[in-house]
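Residues per chain are reported as follows:
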Amino acid sequence: MANPSSKLTGLLTGHVRAEGLSLIDWDLIVRQARVTKLNAALWFSLEESGQLGDVPDLAKNHLMSGAKQADRIKIAARYELSLIDKVVKDFDAPVIVLKGAAYLQRQFNFSRGRVFSDIDILVPEERIGEVEKLFLEKGWKTGKQDPYDQEYYRKWMHELPPMVNPKTANYLDLHHSILPKTSTIKVNPRKLILNSHKLDGFENLYTFSSEDIVLHSATHLFHEGEFENGLRDLYDIYSLITEFNESQEDFWRRLIKRAEELQLVMPLSYSLGYCNKFLKLELPTETLDWLKSRKAAHRFVMDQLFHRALEPDHISCDDWLTPSARWLLYVRSHYLRMPLYLLIPHLVRKAYKKRFDESFRSDAN
Amino acid sequence: MKVSELSLEDLHDKLKHGGLYLQVSPFRIHLTSRAREVAQNIARLYSEYSTCSSDFADFHIEINPPSLFREYYRPQINFSFDGHVPFKPLPYSQSFALFEWGLNWCIATNAHQYVIIHSAVVEKNGKVLIMPGFPGAGKSTLCSILVRNGWRLFSDEMALIRSDTLEVVPVPRPVSLKNESIDLIRNRYPDVEFGLIAEDTHKGRITHYKPPTSSILNAHIPASPHWLVFPKFIANAKTKVENSSKSKAMIAMSEQAFNSNTLGREGFETIAAILDQVEVYNFQYSNIDEAIKFFSQLSEEAR
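Note that the protein sequences, when read in sequence, are chains R and D. Going by this note's numbering, the first residue of the first sequence is number 1, and it counts up by one from there. Going by this note's numbering, the first residue of the second sequence is number 1, and it counts up by one from there.
Don't read these hints as lab results, they were simulated from the structure. Treat each hint with caution, since some may be false.
DMTMM-like cross-link-like pairs, simulated, lysine to aspartate or glutamate; straight-line CA separation at most 25 Å [to be verified]:
id, chain 1, residue 1, chain 2, residue 2
1, R, LYS155, R, ASP173
2, D, LYS178, D, GLU290
3, R, LYS144, R, GLU226
4, R, LYS68, D, GLU266
5, R, LYS60, D, GLU167
6, D, LYS210, D, ASP191
7, D, LYS16, D, GLU5
8, D, LYS88, R, ASP313
9, R, LYS68, D, GLU269
10, D, LYS88, R, GLU226
11, R, LYS68, D, ASP164
12, D, LYS14, R, ASP318
13, R, LYS86, R, GLU126
14, R, LYS167, D, GLU255
15, R, LYS60, D, GLU266
16, R, LYS86, R, ASP173
17, R, LYS198, R, GLU261
18, R, LYS353, R, ASP173
19, R, LYS60, D, GLU269
20, D, LYS16, R, ASP318
21, D, LYS16, R, ASP313
22, R, LYS277, R, ASP289
23, R, LYS60, D, ASP82
24, D, LYS88, R, ASP146
25, R, LYS89, R, GLU132
26, D, LYS232, D, ASP183
27, R, LYS280, R, ASP25
28, R, LYS60, D, ASP164
29, D, LYS16, R, ASP319
30, R, LYS7, D, ASP55
31, R, LYS191, R, GLU126
32, R, LYS141, R, GLU130
33, R, LYS144, R, GLU224
Cβ-Cβ distance ranges computed for the label pairs, FRET-style [claimed, not checked]:
id, chain 1, residue 1, chain 2, residue 2, range
34, R, GLU228, D, LEU166, 30 to 40 Å
35, D, LYS203, R, GLY143, 28 to 38 Å
36, D, GLY264, R, TYR171, 14 to 24 Å
Idealized CB from N, CA, C, for every residue including glycine.
Work out the full structure, taking the sequences as your base and the hints as a guide.
Okay, here's the thing in structure tokens:
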């Protein structure tokens, strides 16, 4: 299969050099990077390898714009985390920072160019009501007012309806697990919490262990069906593994062992396979053997789907099957998420409501 | 090649198939559209602009109906930026205005190499006048009048400021006028070339007119800000000029900066440095001739 974003991914991983690329190449690289939220990542990666001088000014402007946006997000996120820490500092269970904000606070190299909009935190399920109350008392507001949405989140999801801090307009997602309650794969969040450790500089903010951070990122990408930033999310996993491998002994073995323990082998094997394919992540022989020994169901079909969905959502990467591939993966994520007797009424309602909202809006115009 | 060298048919054909690469300094635009109205307005208002190489574009823009159905039944038009549609569709008659608004949006949300301030900008003798765009300021009207009285058009919509040199970079484009201003300018300057008029937009009745050729040809020459004027149009009011405090101006400028939030400290420091070097006035007016006189005096005094 063709790999239309190979120049972008090659620049990110160092397999392609900036020198010698044509303006036509840069036009495509900038567009693909922008649509998949990797333009800041590309800027910092080229800066680090001393290649910014080889980027034509026309293209450089766009990457620099991305980097400036990322810098701003980092300042806002650090401030928001300090506010969140104040709210939960006396709470007697760990509050775990997830995803983008955690990457930033752990000072991973790739987090310099990682953009995100919400802060995600996780607390034990039986305590989530208390934590929500703490935030509501300090002025946070709950975002979704619709009673159905409220009930849907609370009954079936792994997070509460998003809350917003009205003073900073930053959103906060409060989780009690990394997958919905109804999901076909069950993860015991207690195991993740047990292995977490404290984040430097905060009273009561924690982070997952290295293995669990990778597994969470993998689960999120291959289980949740949100592929708009699929390549960016894959790059997260690639970067996490690369950085942990450089700084930790025996990381591969621990990662695989942990995936088996938590029954997250499916998302990990997909992640490793596609990190290898798209980003040329080098896998040790042992890991390759493990990957081959895994008999993935419907491998050919799944490969056709993921291959398309992980490319940037950009016209240059689409073929005639891409829209259907994205749609099928969306359906798959829902199917993995909840049993059909729950899913069908939910999707029908969602579709109906969307229709209704649209006709309501166009009447109002 | 200049746009005027293309016949309307060729231009429309290009816009439909593959798109037109247009140098709108300092940006390169790639515009695709099958809307005839867009072709007509481009032919009329962008005739003095040059086409550019198709190897790179800052913004890939498409102006087309959301579906074939909506091309004929209660026709609508969509703006898409590189395949993604950020706004709801508008009535088909606003196709060209949607292109102009959409391009403003592309610049304001992507060109963070500049501090971008919502304002009308003109230049005379190498000195730039910035007029921030508060509602009721009449910035586009004033800008139009100044451009007819020896000032060079930088933009009727935004000041692009380089934070390293503190210079303003011109981005001359068709000037947008609405409601009574259209007739005011048309009556005063009958030779101004207007585009098609879009009725009933969210801003009322709007149209664009063709910017002066000399402004387009000199679009590559930046200049430093010298005056910051906050105009206020009040019907039948007497002309009044007063010095404005720089601290108030600082707040006003930050409010009008499209990307002050994104740029943070860089934006703040750039605006502060600009304020150190400009004269700041509040200017209340209703009489156009007195307004022209005020601005000519300003530029004479600064020579």
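- [ ] Would you list, in rising numerical order, the hints stated earlier that this structure does not obey?
- [x] none
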